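Number of protein chains: 2
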Amino acid sequence: MKIRSLLSSDYDTLIPQINEWWGGRDMAGMLPKLFFNHFKNTSFIAEEDEKIIGFIIGFLSQDHLDEAYIHFVGVHPDYRKKDIGKILYKNFFAKVKMTDRKIVRCITSPVNKTSIAFHQKMGFVIEQGDKIIDGISVRTNYDGLENDRVLFRKELT
Amino acid sequence: MKIRSLLSSDYDTLIPQINEWWGGRDMAGMLPKLFFNHFKNTSFIAEEDEKIIGFIIGFLSQDHLDEAYIHFVGVHPDYRKKDIGKILYKNFFAKVKMTDRKIVRCITSPVNKTSIAFHQKMGFVIEQGDKIIDGISVRTNYDGLENDRVLFRKELT
Chain A
1 MKIRSLLSSD
11 YDTLIPQINE
21 WWGGRDMAGM
31 LPKLFFNHFK
41 NTSFIAEEDE
51 KIIGFIIGFL
61 SQDHLDEAYI
71 HFVGVHPDYR
81 KKDIGKILYK
91 NFFAKVKMTD
101 RKIVRCITSP
111 VNKTSIAFHQ
121 KMGFVIEQGD
131 KIIDGISVRT
141 NYDGLENDRV
151 LFRKELT
Chain B
1001 MKIRSLLSSD
1011 YDTLIPQINE
1021 WWGGRDMAGM
1031 LPKLFFNHFK
1041 NTSFIAEEDE
1051 KIIGFIIGFL
1061 SQDHLDEAYI
1071 HFVGVHPDYR
1081 KKDIGKILYK
1091 NFFAKVKMTD
1101 RKIVRCITSP
1111 VNKTSIAFHQ
1121 KMGFVIEQGD
1131 KIIDGISVRT
1141 NYDGLENDRV
1151 LFRKELT
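Those protein sequence lines, which keep their order, are chains A and B.
If you read the first sequence in the working numbering, its first letter stands for residue 1, the second for the next number, and so on.
If you read the second sequence in the working numbering, its first letter stands for residue 1001, the second for the next number, and so on.
Keep in mind that the hints were calculated from the coordinates and are not lab data.
Be a bit skeptical, because a hint or two may be false.
As the list claims (entries may be wrong) - No more than 27 Å apart at the CA atoms, straight line, and that leaves these computed lysine-lysine pairs for DSSO-like:
# : chain 1 : residue 1 : chain 2 : residue 2
1 : A       : 33        : B       : 1121
2 : B       : 1033      : A       : 102
3 : B       : 1033      : A       : 113
4 : A       : 33        : B       : 1002
5 : A       : 95        : B       : 1121
To be verified - The following label-pair restraints were derived from C-beta to C-beta distances:
#  : chain 1 : residue 1 : chain 2 : residue 2 : range
6  : A       : 99        : B       : 1134      : 28 to 38 Å
7  : A       : 66        : B       : 1146      : 38 to 48 Å
8  : B       : 1134      : A       : 12        : 17 to 27 Å
9  : B       : 1128      : A       : 126       : 29 to 39 Å
10 : A       : 51        : B       : 1063      : 17 to 27 Å
11 : B       : 1098      : A       : 103       : 41 to 51 Å
The model shown is predicted, which means the values in this text are computed figures rather than measured ones.
Idealized CB from N, CA, C, for every residue including glycine.
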């Protein structure tokens, strides 16, 4: 497996398959082209035999000069449970550290137990929300009406 | 009318009304919370009597150090044709110039003739696409399948 920086041309390869990676859910709308044009230098692709098998789209916060944010991460269904997510996150962390930033944030849906467990294993702590769901602190309507979210924060060391 | 920087709390005010501003089209999905948390310092709100009547969400390109990008602009239906869009753009241009950047980019849909005319009036030029629709050069599938786009570029002087 090879990790490389995101290219603008990855958009045309990824977008037509991305909904399938999520079992038919409409995810492509969360990945407008702008991320592939303007945030490539903190975003990475995992490749095997020149086929994209995973990606991480993140950026440096423009408002919070000590922070970076992970917007979107995906791994091809045939390549899960192989630590590809973990490797992509580690690449992002390394890049963020090179910019002298120490905090990485991201969010997930409270129903996504796999994602919550993954982030906890990666050293993220859950920020205090305004309610508890299944023992997890959650922010109500964080990403719009009925879009509750779990808020993660990791301090890079 | 007052122009001020975007606040994170504007998210909760804007999102519930934004689809109405577009006559019921689902636009809220294009405005994830991340823009309200990490790109406030290049985004602006137009207010009258403490009511939000317009906004511009833009950012400085992280990859192209001479460029900035306008992601989303909206004006309340009751306040259109009052140059509020123009004033919001001018605020964005001024902020971008303060960062020593000279190029502003944005995109629009080929069916949005009002937007195309507005951008041309604001000094944007249309980048060469791969086909012509109604005399306008358009990039096929630019923002995903069947999402053709007109690409604008303005050099700040």
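Verification of the hints:
no.	hint	verdict
1	33(A) to 1121(B)	holds (25 Å)
2	1033(B) to 102(A)	holds (21 Å)
3	1033(B) to 113(A)	holds (21 Å)
4	33(A) to 1002(B)	violated (32 Å)
5	95(A) to 1121(B)	violated (40 Å)
6	99(A) to 1134(B): 28 to 38 Å	violated (44 Å)
7	66(A) to 1146(B): 38 to 48 Å	holds (41 Å)
8	1134(B) to 12(A): 17 to 27 Å	holds (25 Å)
9	1128(B) to 126(A): 29 to 39 Å	violated (48 Å)
10	51(A) to 1063(B): 17 to 27 Å	holds (24 Å)
11	1098(B) to 103(A): 41 to 51 Å	violated (26 Å)
Hints 4, 5, 6, 9 and 11, counting from the list given before, are not met by this structure.
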